[in-house]
Amino acid sequence: AQSVAQPEDQVNVAEGNPLTVKCTYSVSGNPYLFWYVQYPNRGLQFLLKYITGDNLVKGSYGFEAEFNKSQTSFHLKKPSALVSDSALYFCAVRDRKAGGTSYGKLTFGQGTILTVHP
Amino acid sequence: EPEVTQTPSHQVTQMGQEVILRCVPISNHLYFYWYRQILGQKVEFLVSFYNNEISEKSEIFDDQFSVERPDGSNFTLKIRSTKLEDSAMYFCASSERTSLSGANVLTFGAGSRLTVL
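Protein chains in written order, with my numbering: chain P, 267 to 384; chain C, 2 to 118.
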């Protein structure tokens with residue numbers, strides 16, 4: 267079974283400061299890891315993913331995430347937060363061993379509300 | 002930018018009624034999915050659909066649920082007899098075929114909010 271935990275329901279940061287949204291995962295094999303963002307009245311939008319290779323993944327809107335296998339974490343980061351980054355962020359995992367026709371079954375965390383204050 | 006569109010955005014129904022939620026996936030995508038999010042809870046996988054058949058479904062997707070791609074463009078989720086606990090936001094998603102299928106990026110619609118009274 268695969269699972270994702272986002273330990274913080276809410277993260278508050280000041281504009282211009284660095285931000286981190288935490289995510290830890292559990293899979294039986296090696297993971298594919300994703301971050302999605304949801305703005306009000308919009309669908310989940312893809313930010314970035316980790317497949318293999320470099321542990322630091324860069325994505326949309328200046329976001330990046332670091333895959334840490336020993337800590338089973340995939341924290342989302344941004345060096346300088348913007349007010350427009352305020353949204354709901356979801357971490358998701360797919361077990362690489364799932365294979366077969368399980369192409370899209372993602373397991374999501376509960377989401378973290380990011381609020382960036384001016 | 003291509004979008005996944007869902008209708009209706011919000012539907013209110015009485016318990017026991019049938020509901021059909023509609024989705025138009027991105028035109029060149031081959032894989033289709035439904036997820037749902039009960040208020041305050043996680044986004045949960047319901048079902049995936051490929052080559053005109055269900056490829057995987059979760060425990061939530063019982064006999065009350067069905068999916069169909071009736072005309073090559075729409076992808077529908079039918080709930081045959083709604084229950085109070087079916088109240089949720091239902092998200093449709095689609096993805097293209099890649100060499101690394103497990104790493105497919107899903108494109109989600111904005112969701113259909115179902116309220117069962």
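Because the hints were derived from the structure by calculation, they are not lab data.
Hints may be right or wrong, so weigh each one.
Straight-line alpha carbon distances no greater than 25 Å define the calculated BS3-like cross-link-like pairs of lysine-lysine that follow [said to hold, decoys possible]:
{"hint": "1", "chain 1": "P", "residue 1": "K324", "chain 2": "P", "residue 2": "K288"}
{"hint": "2", "chain 1": "C", "residue 1": "K58", "chain 2": "P", "residue 2": "K315"}
{"hint": "3", "chain 1": "C", "residue 1": "K43", "chain 2": "P", "residue 2": "K335"}
{"hint": "4", "chain 1": "P", "residue 1": "K288", "chain 2": "C", "residue 2": "K43"}
{"hint": "5", "chain 1": "C", "residue 1": "K79", "chain 2": "C", "residue 2": "K43"}
{"hint": "6", "chain 1": "P", "residue 1": "K315", "chain 2": "C", "residue 2": "K43"}
{"hint": "7", "chain 1": "P", "residue 1": "K315", "chain 2": "P", "residue 2": "K288"}
{"hint": "8", "chain 1": "C", "residue 1": "K43", "chain 2": "C", "residue 2": "K84"}
Hint-by-hint comparison with the structure:
{"no.": "1", "hint": "K324(P) / K288(P)", "in the structure": "16 Å, holds"}
{"no.": "2", "hint": "K58(C) / K315(P)", "in the structure": "24 Å, holds"}
{"no.": "3", "hint": "K43(C) / K335(P)", "in the structure": "24 Å, holds"}
{"no.": "4", "hint": "K288(P) / K43(C)", "in the structure": "16 Å, holds"}
{"no.": "5", "hint": "K79(C) / K43(C)", "in the structure": "21 Å, holds"}
{"no.": "6", "hint": "K315(P) / K43(C)", "in the structure": "19 Å, holds"}
{"no.": "7", "hint": "K315(P) / K288(P)", "in the structure": "15 Å, holds"}
{"no.": "8", "hint": "K43(C) / K84(C)", "in the structure": "19 Å, holds"}
Against the hints set out earlier in the document, no violation occurs for any number.
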